[in-house]
Amino acid sequence: MQWTLSRILRSLLTLLLLASFTFFALSLSADPALQILGPDAQPEIVQAFKERWHLNDSLWQRYVTYIMGIIQLDFGLSYRTGAPAIDIVMTRLPATLALMIPTGIASLLIGIPVGIYAALRQGTRTDRLIMTASVVGFAVPNFLVGILLMYLFSVWLGWLTPSGIISWMSWIMPMITMVSAEAGIFARFTRSAMVEILSHPMLDTSLAGGLNEHQGLRHHVLPNALIPLLTLVGLFAGNLIGGAVITENIFAWPGLGRLLVESVAARDFAVVQIIVLLIGASMILINLLVDLSYGFIDPRIRDTRRISIKRNKVATA
Amino acid sequence: MTQQIISNISDLEMAKPRFAVSDLCISFDGKTNIVDQVNFSLNKGEIFGIVGESGSGKSLTCRAIMGLLPNKATASGSLHIDGQDYELSNQAQLHKIRGSICSMIFQDPMSALNPLMTVEKHLKLHLSINNQQSSRNACIHLLKTAGMSNPKQYLDAYPHQLSGGQCQRVAIALAMAGKPDILIADEPTTALDVILQAEILDKLTQIAKNTGMSVILISHDIGVISQYCSRVAVMYKGKIVEQGDVDTVFNHAQHSYTQELIASLSLSTLTHLGRCDGAPVLNYQSVNVSYTRPDGSIVKAMQNVSVNLHKGEILGIVGESGSGKTTFAKIAVGLVKPSSGGIQFEDKPLSFSGQRGKKLRQRIQYVLQDSLGSLDPRIDVLSQVIEPLTIHNVGAPNQRRDKAIKLLERMGITASLFSRYPRSLSGGQRQRISLARSLILQPEILICDESVSALDVAVQAQTLNLLVELQRELNLSILFISHDLSVIRHISDRVVVMRFGEIVELADTHSLFNTPKHEYTKSLIASLPEFNRPTEPTTPFDTPDLMVGE
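Line by line, the protein sequences are chains A and B. Each residue of the first sequence is one higher than the last, beginning at 1 in the working numbering. Each residue of the second sequence is one higher than the last, beginning at 1 in the working numbering.
Just so you know, these hints were derived from the structure itself, not from any lab. Here the structure is a predicted model, which means the values were calculated and not measured. Incorrect hints may have been included.
Said to hold, decoys possible - Taking beta-carbon pairs under 7 Å as the criterion, some of the chain B residues facing chain A (in silico): (1) HIS95; (2) SER103; (3) PHE106; (4) ASP108; (5) SER111; (6) ALA112; (7) ASN114; (8) HIS126; (9) ASN130; (10) ALA157; (11) TYR158; (12) LEU470.
We treat Cβ as the ideally placed atom computed from N, Cα and C, and that holds for glycine.
Produce the entire structure from the sequences given, and follow the hints as far as they go.
Here you go:
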C-alpha cells in the first residue's frame, strides 16, 4: 500500500515536470501573436492580442497561472478559435482511440500467437521466415507503408478512399499500416521471451513428472513468458494517444495526432500543451498500472516490495 | 512346500530386472554416436549409480530414457519396463511412462520450479495429472514423504522463498506424485552443501527401501556413488566402460579411467605439510563486512574475522555458499572494503591506490572458478599470458614472449595450443592458462576462489597437483577457497571453516579433520560421503618432491 502511494506521488511529480518543460519550451520557441496574426499585422492589433492573452506578463507569472490552471483542470483557451482548448482536444480524441484500440488488439492477436508459433519451431525455416517478416514489418517506416498502400488501393485499384473517415473501410489502410509494425514487434518479443523460458529447467521437471508438452506450455511457459510482454503492451497502451501522429497525417484521420501537428505549426499553445500532457499522463498512468500488476503477477517482485517497505519503516522509526 | 515354491517364485520375480536399457545410442548428426551401445538394468528397490565426468553422456542417457532428449538428438535402442517394451527412437511414445512409471529430478533445484506458482499449486498440478487425489492433505503427505519437515507451512510458499534443499525436496515430491517405479536423479545434490546432500540422499534411500522404487543416481562424485549405490556403471566418452556392484568396480577397477577416478579420490594423502611457521604476509584484523541487498535486508558477509596468512602457507577456507568465503578473498584484492576492522599486507595497511598500489596488484593474484569467463575469448592463449607482463611493464618487451612460453610449457601447455582461443580448449587447460596468467607476474600471494570446482575430478586432481608443485617452487602463499572438503583437506596446511560470515573453527588440517571441535565442523565432516578406499591406492600424488614437507 505504501509502495503504491509513493509510486503515485512520483508519477504526479513526473507529470509536473512534463507540464513545466512543455510550457517553457513552447514559450521560448516563438511569439504566438506574430504567428497567428501574421508578420504584417498592425502593432496595435498585436498589442491588443497580447493584452487579451496575457502575453505581456512575465514568464514566471504566466507559468504560475498555467500550473494553477492545470490543478483546477482549467487548460486555457485556444488562441485560434477562442474556444476552451480542452473541448477542441476532446472532440478529436474519440477518432484517435477508435483507430488505436482496434490496432492494439489486432497487433496483440496477431503478434503473440505468431511469436509463440515461431518460438516452438525455433531454428526451423518457418521460424526464420516469420522473424524476417516481422523485422521487415517494423523496420519499414509507417509513412512509406501508408503511401504504398494508398497508391495500391486508392490510386491503382480504386477500392478504398485515401483519407478521412467515411465508412468502416476507412479503417483498413491505417490499421494495416500500424499493425504491420506493432505486430512485428510483439511477435519478436514474444518469441524471445518464449525461447528463454523454453530452456528453463522447470519445464524438464514438469515434463518428467508427467505433464505433456501442451500442459507444460500452458502452466509454465506462457505465464512466465507473458510477464516481460506486459512491459511492451504497456508501452503500446501508453502511446495510444500519441502513437498515430504519422499515420493520422497520411490518411487525414481527424484525430489528435493531426491536431497536434496543426497546433504546433500555428503555435496554439493551449492545445499543444493539453495534447502533450495527455500523452505524458497516459504513458505515466499505464506505466503505473504495469508496475502495479507486476506485483500481482510475480510473487518475487511482491516480496521485494514488501521487504523494502519494512526497511523504510525501520529506518524512519 | 507350496509356501516355499511361492517364495522362490517371488524371489525370482525380485531378481529379474524390472527395468532394462538395451543398445541405447544417441546421436546429434545421425553419424557419430555421442552415447554408444549403453546397456544396463535395474532391480526393484535398487539404487543404481552412473558415474562419469561431464560430457560423458550420463545425463543424455537418462534424458533418452525419459523421452526428453533435445530436439536435434536422435536415439535408438529399447527400453524394457515390467514386461513392456518401448522403442527409444520414438521419443514421443515415452510420454506414456513419464510421471507414473518413470520420473526424474535435476541438478539445479532453485530453478526446478515455476517461480509464479506456490508449492501447493505445483503439487496439485502433478497429482491431478497423474490421476491422484489432489487434496491439500495429499500435498502435505507427499511433502512429508520427500522429507520436508513441517510441510504445512510451506504449502503457500513460492519457490524463491525456499532454500535450495527445500526446493529439491519439493522437486522430489513432484517426481513422486505419480508413484513412479523408477526415479532418475541427475546430480540431485551437486548444487547443495554436504550436510543437505547427506540428508537428501538418505531420504531417497529410505524411499527406495520403503516403496520398492528403483533409483538411478547420476553423479560425478564417486564418494556419493560408493556410499549410496549397490551397483554402478562408469561412463566415459559415451560408453559404459565398466559395470557391476560397487565393491567390485571400485576395488578392482579394470578400466584406466575408473582407476584414474579412484586415484583422484585419494586426495587426502597429501595433507598437513605443516608450513605455517613463516612470517605473516596477510593479516585480517577483526574484519566486518556487511552488504545491503537490493531488497533492503542487510547481510553480514563477514563478522569479526581475524586470521593470518603466513609466508609459504596454503590456507584453506571452506564453507557452504553464502558463508562469506568469497568476501574473504575479495577483501584481499580490494574488491570489497571492510565496514570495520583492517587488513594488513606485510605490516602495512592494504591499499591499492597510487603507484605502490599498482605494484601490490602484481604481488597479489586471483584465480577464479569460471576459466572461460575469466579469459578473453578473442585473444589466443600465448597473448593472454603475455598480457599481464605488458600491463605491469615487467621485464624487457622482447623477453616477455619467451617467459610466457617457458611458463606455459612448465604448466603442461604444449606449443600446439599456443595459437588457440579459450573456447577450443578443455576446462583443465583453460584453468592452467588462468593460473599461468597469474603466476607469470611472480606474485607472493595467490588467491584461488573455487578455482578447481568446475573441473572433473581427474582433471581437478592434476590441477591441484600442479598447483602444489608450483607453490613449493615459488614459495607462494595461497588462500584456497572451496566448498569441497576433500579438496581442502588435500591441499591446505591450515583450514578456516566459515559459516554465516563467521569463523567457526581454525586449525591445522590434520587436527581439524581428525579432532574437529565445533559441532558444525563435525557435521560437515560426518556428511562427507564415505568411500571404501581400495587397499592399495594408486595415487599420482606420491611423487617424492611433494612429500618433502611431511
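These are the hints, each one checked on the structure:
| no. | hint | result |
| --- | --- | --- |
| 1 | HIS95 | holds, 6 Å |
| 2 | SER103 | holds, 6 Å |
| 3 | PHE106 | holds, 6 Å |
| 4 | ASP108 | holds, 6 Å |
| 5 | SER111 | holds, 5 Å |
| 6 | ALA112 | holds, 4 Å |
| 7 | ASN114 | holds, 5 Å |
| 8 | HIS126 | holds, 5 Å |
| 9 | ASN130 | holds, 5 Å |
| 10 | ALA157 | violated, 9 Å |
| 11 | TYR158 | holds, 4 Å |
| 12 | LEU470 | violated, 38 Å |
Hint check: violations occur at hints 10 and 12; the rest are consistent with the structure.
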